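S.K.: Protein chains in written order, with the working numbering: chain A, 1 to 401; chain B, 1001 to 1401; chain C, 2001 to 2401; chain D, 3001 to 3401.
FYI, nobody ran anything at the bench for these hints, they're computed from the structure. Treat the hints loosely; a few may be bogus.
As the list claims (entries may be wrong) - Cβ-Cβ distance ranges computed for the label pairs, FRET-style:
1) L2308/C to K339/A: 26 to 34 angstroms
2) S3181/D to L2308/C: 27 to 35 angstroms
3) D198/A to K1401/B: 43 to 51 angstroms
4) N3328/D to S1178/B: 39 to 47 angstroms
5) E2249/C to E1107/B: 20 to 28 angstroms
6) E2004/C to I3378/D: 23 to 31 angstroms
7) I378/A to P1179/B: 18 to 26 angstroms
8) E111/A to K1401/B: 34 to 42 angstroms
9) L2308/C to K1167/B: 54 to 62 angstroms
10) S1060/B to W200/A: 55 to 63 angstroms
The structure presented is a predicted model; accordingly, all values stated were derived computationally and were not measured. In this text, a Cβ means the ideal position worked out from N, Cα and C, and glycines have one as well.
4 protein chains.
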Amino acid sequence: MKKEAKKVVLAYSGGLDTSVAVKWLLENKAEEVITVVIDVGQKEENLEAIRDKALKIGASQSFIKDAKKEFVENYVWKALKANASYEFGYPLATAIARPLIAKLVNEVAQEVGADALAHGCTGKGNDQVRFELAWKALNPNAKIIAPAREWGAELLDRNKAIDYAQKHNIPISLTKKSPYSIDLNAWGKSIECGILEDPWVEAPEDAFSLTKPIKDTPNEPEYIEINFKQGIPTGINNKELDSLSLVEELNKIVGNHGIGRYDQIENRLVGIKSREIYEAPAATVLLRAHKELEYFVNPKDSMHFKSLIDQKYSELIYNGFWFSPLRNALDAFIEETQKKATGTIRVKLFKGNFQVVGRASENSLYNKKLASYGDEDIFDHSSAKGFINLLGLGIKTYYQK
Amino acid sequence: MKKEAKKVVLAYSGGLDTSVAVKWLLENKAEEVITVVIDVGQKEENLEAIRDKALKIGASQSFIKDAKKEFVENYVWKALKANASYEFGYPLATAIARPLIAKLVNEVAQEVGADALAHGCTGKGNDQVRFELAWKALNPNAKIIAPAREWGAELLDRNKAIDYAQKHNIPISLTKKSPYSIDLNAWGKSIECGILEDPWVEAPEDAFSLTKPIKDTPNEPEYIEINFKQGIPTGINNKELDSLSLVEELNKIVGNHGIGRYDQIENRLVGIKSREIYEAPAATVLLRAHKELEYFVNPKDSMHFKSLIDQKYSELIYNGFWFSPLRNALDAFIEETQKKATGTIRVKLFKGNFQVVGRASENSLYNKKLASYGDEDIFDHSSAKGFINLLGLGIKTYYQK
Amino acid sequence: MKKEAKKVVLAYSGGLDTSVAVKWLLENKAEEVITVVIDVGQKEENLEAIRDKALKIGASQSFIKDAKKEFVENYVWKALKANASYEFGYPLATAIARPLIAKLVNEVAQEVGADALAHGCTGKGNDQVRFELAWKALNPNAKIIAPAREWGAELLDRNKAIDYAQKHNIPISLTKKSPYSIDLNAWGKSIECGILEDPWVEAPEDAFSLTKPIKDTPNEPEYIEINFKQGIPTGINNKELDSLSLVEELNKIVGNHGIGRYDQIENRLVGIKSREIYEAPAATVLLRAHKELEYFVNPKDSMHFKSLIDQKYSELIYNGFWFSPLRNALDAFIEETQKKATGTIRVKLFKGNFQVVGRASENSLYNKKLASYGDEDIFDHSSAKGFINLLGLGIKTYYQK
Amino acid sequence: MKKEAKKVVLAYSGGLDTSVAVKWLLENKAEEVITVVIDVGQKEENLEAIRDKALKIGASQSFIKDAKKEFVENYVWKALKANASYEFGYPLATAIARPLIAKLVNEVAQEVGADALAHGCTGKGNDQVRFELAWKALNPNAKIIAPAREWGAELLDRNKAIDYAQKHNIPISLTKKSPYSIDLNAWGKSIECGILEDPWVEAPEDAFSLTKPIKDTPNEPEYIEINFKQGIPTGINNKELDSLSLVEELNKIVGNHGIGRYDQIENRLVGIKSREIYEAPAATVLLRAHKELEYFVNPKDSMHFKSLIDQKYSELIYNGFWFSPLRNALDAFIEETQKKATGTIRVKLFKGNFQVVGRASENSLYNKKLASYGDEDIFDHSSAKGFINLLGLGIKTYYQK
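Isolated chain A, as found in the complex:
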């Protein structure tokens, strides 16, 4: 029987689902399966072992790509400049990694001359959309296969997947399975499923790994200074750091104080509400610090309007429209607003809290002489009367009728 695809490249994680997918694709869809693992900082201990696992299951080739630096510099920094977050603050860590993974998987597909692309996502999540919209942009004519969407009850259920794996000699991880579905990268972690599906129940402590429980955090506050250059973090406490090290270092420092947890009921793109737990220590502090700096050096109107730009940018990331002409246009707007965003933000970390406590920039628009009520006051108080008169003229005319 002729298969739907000759050669399919699969975005591979090494987990149960994508491992089963390798075999299932070979049996049902493709003559040849090639896997690609993209390292975006998921901290898997043994990427080599994951690569080999795919080969054992039947992949004809199995690639690993270290994309950590590209992830931070070309994806995370753009999201940061856009103050990107969703609904109750989710910093979009998983969402922002998907287009990069899709892009690199597609690059492999083009190198090996594949005619199809595959991912392991189910039909009810956001990630399927992010993979496929990226591929529609980058390779509009490629066939896209989504095994998990076709499995139905047969394999979607974890126990049935394990049976299938055992039947087909697919190695199953020996480490104790987390009770949660997890996605991790340098910008943060998503935690779903299990007991978390009850929106009334507090997320158990074992759901978290990047942030300490508050009772175990230091008993003294820690102050850090984050240095920015044109909207991009370049150092901590005036020590320059490369992009990836900065994020990793900050994840440690901030997580140590128990900062960066989220618990939210979220509106997915596919029309359902889900309960999501996130951890994102570095992202949490960087996002607040960046916005602080941006406001410090830009006029009000620019920043108030930028909030609409930022909101649309966040939506594009969440909904999978990273590769789109609209995102490019938003980026052009955002870059203009970052030109002055050079300076330092001082943050206090303590017991799960953080607060911006100081800000400094050569481009600061804060003018003490204007703001002060003290001796130095240079503000023209008499202008206020005329200002209010005209500001209120429309309202006054309305209520006079």
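Starting from the known structure of chain A, fit chains B, C and D onto it as the hints suggest.
M.R.: For chains B, C and D alone, kept in the frame of chain A given last:
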């Protein structure tokens, strides 16, 4: 010499500025000055003494109005339903009280047949705008006098004001003057001036009074459940409370855990950036809990669009357009979205942090059977393919060119 | 063989597609088919004949519902208050009728105890979405069948459909088939297909029927006055008219001057661009006149913000979200803004053009004494200086750096 | 007596107001007055005579600057790419010229070492704001003088200004004074005052000069093709034209058909409503044609979001914030969206009407095979079901409750 006004009613606080204003108005502007103190929860120990002080300085009449309940029910609750906050989270406590004060001062003016209204605000703040826009709406033809805007260097400086007070036998408060300029009401506190005008310096602990320093907060978390009915908080831990008691009680509970401090560089309406410190324990937790509930019971599109409504509502409050046909229209929109917002939000308070950890509502749109990846899954996975195909058709067509 | 549905109610037009659908449903999907024709002003000469035709093909029951008045009063007037139009001005005539048709079809379904609902739309248009989203709201558990979406090449092609009709003794209209696909109701007409699919070719004159060609229009201008009460048109030239008569009368008057044609490339909801021709004489003039009046009696801020509301409202109509809590909330906003919209707009009609040339309202906010540069000027010119100083303070501070 | 300014540069038009201002400034404000006339296409017959007039009145120097090309290329084209218009369609002709005039006047001021800048606008219009905000950006420390704002009743009244002129030997134009206040440039004309201040009265035919009355227009339609390259018009009927010639030519062609008149009640920045008449033949057709092309080559999401950008851009122009970091950021967004906007739009002009009747572009996203219902149909109809299912899942869940 004929004075500009026959009878002026002054929004009075009992502080140095408005006390000097009483005398200054009599000397320069009006034949008769009547003062009104509005109690919006500023916790002044002795409102009677404040009233008498105005009479001693020369006011012909001096009123006190208890507006605490009206404040919470007709102003704060509306702001809460609109998730009202400004820029970095300021819950607009001072801003939302101004139109009420203006309204009640104007009511006195109409009762006593005054021809002018006065406030003690300077020319560089937002409050002058809020008073005057309210008066332009409620009494478009009244004369408005702003003594502090006319004083110039003569009296704007605190020391000169003290000299003036002493010269005119205006009693000066014997209690040690705060190094800050403070405004307090049931919804929160604004703290400005002094050392706070240096944006690099952390706000000293003595700037705060509603929230404990974290080191002094309880060493165990506290869980509270907040009950809402159609968007309005009605109880804590299933114990019904009247509006004012609920806010006051919550200020105590939440403040005890050190929650609700803000430190931000803010864009004032008059075109300057200022450094503002706020405390708002009850507001902080109620705003987050309210939004959580609202999202739990409304579809995505309603909530995402409401964020524009909320932003405009917040601007109107901040900028002083409370009495305006636009605010009425926004209220009508918001009321529609609150009809289902009945339920309970569970919040954890600990060491300066709070987190929503549970939510329950008879109108919940969270459907575990749709969201779950487990056995109960009723989601039609096959719909996803068609969904993504059409969602991405525009992008695909674009990149095919 | 058991059919998918026991009793299906079909939104019926009497045309080829829905006639074929009656038979096809009986053969493939349902044991019983009931048809409903909704009269929204499509000017079909013989609705009785259409009803009978369905019975002849095999429908067990066939209903006609006159919904013209309900259409204008509960759908069109709401769209008018929202200044509803899409992209290049399309007044949404077809779009706004769909939810009403869906509602009435569903009412029949509930009366006859049907378990399924059906429409004749294909998979690439907007109307399928409008029908189905309405049904998902009004009858969330009903089965929905879309025959034309399932037909595939077999029947989608017109010639094949005719063959099928002849084979099954389905009467085919004897009148010459229009070369276009047409939808008509009291608010306007949509014209698609045929030569119109070439975006470079001008729409031929035979595509139009509601508007005269300009060369045949009167050689003298005509002036009309349109009277509004709270946003709703109530009369022409001070003669009161009921809602439907007013729209029909205006269609004649305005169409006689050749006014109300649209030619646009439009972005459909399903991700494709299509070329659309519309005619909407009454709608064109009413929409402009309504907006003129609204602006005449409301302050700037209300109207500028309402433009966002209107845009969202138009999107909801276009995309089929008429029955949604968001539309209800938008309506609440809009109603607030119409309270003062009582007055008269004078319009000049001539040779395909129309222009608002006069406006009058007891609630007018136009104040000649404020606006005039002449003798009566009551504007305080000196306020302008202070106004500009504070308006420009942010920019000045920025450029001083 | 020491004057407020040593050397003031005045934006000069040669009309009564700015001529009186030259003398008044010398008498009251400055030791030396220098005038600058900026030619932005106002079609004054004798700019040399205007220059000399200023010298006769007492100006120490008098400059003319031809800025017509700079106006079209650096101001008008930017406005066109932003589809810039205000409220009921005003193409912002006067508004978009003000920042250029302000810039060039300031350049003269810097060349001659002036310490003050002056304009002849009154306190109730928008132009004062546009001049002054530009100067605050370009020369934040310059003194700004607005004679007409200080005149008061003495000179604001036209008759009194004539008396003053005669008393001071200021030459008064011998040509019959227009009953209107007029501003003209290459992009259009504004007409105010006189009978136009009555919003119920139709604008008389003598208010118009760029557009023929419809009864005098040709009796046959004229078709033109407008060629664009990256959003900029480059030719008519495939004949390349330089920017200024193209606009001038188009003003003639379009005006000959009586197209491009506006009559609107407008919300000024200073809080008043005014009645404005505009003529803008070229602008009217170019704006529609440009938008048509833009939509033809960009995906829906880009264009729908750009409408917010365009609206803000228009506001910035109207309100005088041309020189601002926000405008720069919006420009960056807009430029991105113009990259594909190369192609030709065919327009029909006839009897005061115009209609886009054809469009062609190598970057067209219109795909007949997707849009057509005919034989060539390549659209996947089956995707629609899944699309609608997920699109409507939120609504369905809501109404199921």
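S.K.: Does each hint hold? Answer for all of them.
M.R.: So, going through the hints one by one against the coordinates:
1. L2308/C to K339/A: 26 to 34 angstroms: Given about 29 angstroms between the Cβ atoms, the range holds.
2. S3181/D to L2308/C: 27 to 35 angstroms: holds, 33 angstroms
3. D198/A to K1401/B: 43 to 51 angstroms: Cβ of D198/A to Cβ of K1401/B: about 48 angstroms, so the range 43 to 51 angstroms holds.
4. N3328/D to S1178/B: 39 to 47 angstroms: holds, 43 angstroms
5. E2249/C to E1107/B: 20 to 28 angstroms: violated, 50 angstroms
6. E2004/C to I3378/D: 23 to 31 angstroms: Roughly 28 angstroms apart at Cβ, these two residues keep to the hinted range, so it holds.
7. I378/A to P1179/B: 18 to 26 angstroms: Cβ of I378/A to Cβ of P1179/B: about 22 angstroms, so the range 18 to 26 angstroms holds.
8. E111/A to K1401/B: 34 to 42 angstroms: violated, 24 angstroms
9. L2308/C to K1167/B: 54 to 62 angstroms: About 55 angstroms separates the Cβ atoms of L2308/C and K1167/B, which means 54 to 62 angstroms holds.
10. S1060/B to W200/A: 55 to 63 angstroms: At 60 angstroms between Cβs, range holds.
Going down the numbered hints, you'll see the structure goes against 5, 8, while the others check out.
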